[in-house]
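Go by the hints and put chains V and G onto chain P.
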Amino acid sequence: MAAMLELAGVTKHYRTRHGVVRAVENVSLRVEPRTTMALVGESGCGKTTIAKMILQLEQPTSGTIHFEGQDIATMDRAALRAYRRQVMAVFQDPYSSLNPRLRVGTIIAEPVLAHERKSRAELDKIVAEVLDVVGMPASAARLYPHEFSGGQRQRIAIARALALRPRLMVLDEPVSALDVSIRAQILNLLADIQAEFGLTYLIIAHDLALVEHFSSDVGVIYLGCLAEAGPTEQVFAAPRHPYTKALLAAVPLPDPDHVLSEAAATGEIASAMNPPAGCRFHPRCPYVMDVCRVTAPVLAGTPHATSCHLPVID
Amino acid sequence: MLLSVRDLQTHLHLKRGVLRAVDGVSLDVAEGETLGLVGESGSGKTLTGLSLLRLLPKGSGRIVGGSIKLDGQELTTLSEAALARDIRGRKIAMIMQDPMTSLNPVFSIGDQVGSPLRNHDIARGAALRSAVVDVLQRVRLPSPADRLGDYPHQFSGGQRQRIVAAMAIGCTPRLLVADEPTTALDVTIQVQIINLLRSIQADTGAGIILITHDLGVAASLCRRIAVMYAGQIIETGPVRAIYRSPSHPYTKALLAAIPRLGAKRARLTAIAGQPPSLIDPPTGCRFAARCTLRMDKCAEAPPNVTLSDGHSAACWKLV
Amino acid sequence: MGASMFRGLPWLPLLVIAAVGVCAAGGDAMLPFDANELDLGIAFKPPFWLAGGDMTNLLGADNLGRDILSRIMAGSRVSVIVAFYAILFSGGIGAAIGMIAGYFGGWVDTLLMRLIEIQQSVPSIALALILAAALEPGLSTVVVVIVLTYWAWYARIIRGEIMALKGRDYIAFARVAGVGTPTIFVRHLLSNIFNTLVVLATLQVGQVILFEASLSFLGLGIQQPDISWGLMLADARQYITNAWWAITMPGIAIMLTCLSSNIFGDWLRDRLDPQLRQL
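Residue numbers (my numbering), protein chains in the order written: chain P, 80 to 393; chain V, 14 to 332; chain G, 5 to 283.
In isolation and in its complexed conformation, chain P is listed as follows (with noise of 0.2 Å):
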């Protein structure tokens, strides 16, 4: 059976004035429908790459995107207009995503009025279940965005990437930009809409944390590579890739025992524009050896896959 969501070998490269960056190299995942997969790395890793070509806004330099077995670089007219509307997104920044001129339930029945023809008290009928799947009353659609506060915006974000009903949501660091006390109201209502309406999501995050809690699949990225991926609870449970075990290492808990880790990962992340050769983390690996200066490593292994020289010891 397809997956939802299948990205073989995609590489993404930008010609810049100064050079080539190298965003994304030769990245393969897969997407189970009804599952949780979370990309995670740092700044400037190529996640958002990703999630930007998987929402069409980007197109790969080379490698395939497929959904549901279809290759939706070269899907036709009638396909592709399909897949926008059960691919959804939710961004990060609830201020930049909705547009302040635009009414609540102008902005919730965009994706409906792109797709189908309703009368107003059709859009009406949606706009006001939606806004109620979000925990938002219906009144609210008669509102502009800047009455509401940033945990109301996303909700609001949410309910207009779910009017359409999509199969596939892209969420793009859905909750860093709220504060604390909020997050775990997003977050819940995420996992909740996901549990009633048998979504399948793509979460782009740099908190570890917020990953091993939400996502039930996990790709940790290092400029532009995979490193490592696999069953969210094998890879946090079991980390192998230097990478993943420097990221962890490196969350400080929110317990005054416990001891961060600066050792496991040196120096800072180089840049796209020229990626170290052979395995991208070398410079900043502890447990460095000498083919890792020239051969990059393959992905290798399943369903917990790691793309490193070291043996693996489990």
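Since the hints were derived computationally from the structure, they do not count as laboratory data.
Remember, it's a predicted structure, so these values are computed and weren't measured experimentally.
Take the hints with a grain of salt, since some may be wrong.
[Said to hold, decoys possible] Pairwise CB distance ranges, derived in the manner of DEER restraints:
hint, chain 1, residue 1, chain 2, residue 2, range
1, V, T217, P, R221, 54 to 62 Å
2, G, R241, V, A94, 49 to 57 Å
3, P, S218, V, G85, 40 to 48 Å
4, V, G323, G, K170, 49 to 57 Å
[Unchecked claim] Straight-line Cα separation of at most 20 Å, SDA-like style, residue types lysine to any residue; simulated pairs:
hint, chain 1, residue 1, chain 2, residue 2
5, V, K28, G, R275
6, V, K277, P, T114
7, V, K28, G, W271
8, G, K170, P, L181
9, V, K28, G, L13
10, V, K277, P, P333
C-beta: ideal position from N, C-alpha, C; glycine also.
Quick look at chains V and G alone, frame taken from chain P:
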């Protein structure tokens, strides 16, 4: 006591009305101690920090009451000139969240790190240069002597935050106010800066106020924690007391609302609703509207209850 | 809504604009005197508050003894017509080009930007001379010259706004949801640059009136016996020492109109912004 703040009141005069951003904050910082000022956006934690240096928004911000004493010296009544000469950058220094905006892109980093030393007449000429190299070494910037002429954009995010820290500690301040110093950084870089702050403190014995929304960062760095909500400190205590036996319902709820690495739960315990407006705040407990333990009494301002040595919280449930 | 819709309405500027509008619409029937009637007997007659003036010719008379108030009222017609058409067309063309250049970027942007740069390096007076020679001096030529001069100004500013708007996540969402490009232009781009357009247009009112004045002064614009404020300035220029009011009165008319439209534009911008409306 190094720093002693009593009943601080800072107001912001906005078009919509007077915002009571800091409403009766009292706190103490001992020499060599790190106090974590923890709260959400709009809780008043940043304005509390800025009030210490009287760096409030021009025109709208004003300290309207309370006292701030540094080494016994009252700062609220100090003239602007004396504050700029003796306190700002000299006895109290600040590290801001975004290293990109705290550094001026058109001056070399040698110039910028040297400027507080020059301004406060600490070093000049060749001595200034060696002092700048020395302070950059202390923040562990690689090969500082060769890089004095480089500009901010030639450094990475983590290195820039090190340079900002170097600017702050150049005059060996008594108190360092660090406002979300790691929030703009990636987690592997964040841990480096946390360790840097720790070593700065060991070196200089300065007191540190760490302003943050991240309970993890606060736990890793602070000895004591003060939790702010809607302009007030609602609970304060030693770090273990706050994390192991939080007493205020807000602190408890906050700790329950964050996902924890290695402790997966089916569902996070969310806090319903949102903080009150500080233009016309409720007269009683400000958390009452969101509190699951609310009683009739909460309509009155709760007393500050001492629970154990140095641990207190403002809640009627604890009386 | 109702009353709050008009909160802070600038009454005085609105009154000025209304007066100009009424004069322009009212035509000759409203004038106290025929605006072109010569009466050399009252040449250089001062306004009523000065010695020698009276209530018959409130603002005095010019070198040929024409009533200045009547001429200002009659001249408002040209100002209003020129301002309306010039702003409509230069704003419309400029905004459309700026939106296309800013949104699509790439070679489309490069091409349109070159066009804008070429336009902005042509001296507008030279352009006016050529056009006046090719067409013939008059109201429509004035409008064409102003449109050809100002569209690039709108295009450049609107392009900058669009480039900033393009990165907003609501545009990204609209594309993800399959909203068509024309709809994105109207719903998301136009709605957000509308304020800028209103402000630019009100700022341009003053410039257009002055531009018309200089063209008329050079003989390339409005021709006698038609009346415009610019032409009045040009006519009275040489008599500034013995009859300052002949040049000052139309000057004040221009100033009041420009100032009023700027203040009114500011108010309108605040009203149109749902965020500022609440404050």
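Going down the list of hints, with the structure as the test:
Between V/T217 and P/R221 the beta carbons are some 57 Å apart, a value that agrees with the proposed interval 54 to 62 Å. A beta carbon spacing of about 56 Å between G/R241 and V/A94 agrees with the range 49 to 57 Å that was offered as a hint. Between P/S218 and V/G85 the beta carbons are some 56 Å apart, a value that contradicts the proposed interval 40 to 48 Å. Restraint check, V/G323 to G/K170: a C-beta distance of roughly 54 Å satisfies the suggested window 49 to 57 Å.
Proximity of V/K28 to G/R275 is assessed by CA-CA distance (about 16 Å); at most 20 Å being required, the pair is judged to hold. In summary, the hint linking V/K277 to P/T114 is supported, as the alpha carbons are separated by about 17 Å, within the 20 Å threshold. The hinted pair formed by V/K28 and G/W271 meets the criterion: a straight-line CA distance of about 17 Å does not exceed 20 Å. Restraint check for G/K170 and P/L181: the C-alpha separation of about 16 Å stays at or below 20 Å, so the hint holds.
With a C-alpha separation of about 18 Å, the suggested pair V/K28 and G/L13 falls inside the 20 Å cut-off, and the hint holds. Of the supplied pair hints, the one linking V/K277 and P/P333 holds, its CA atoms being roughly 14 Å apart against a limit of 20 Å.
Consistency note: the structure conflicts with earlier hint 3 alone.
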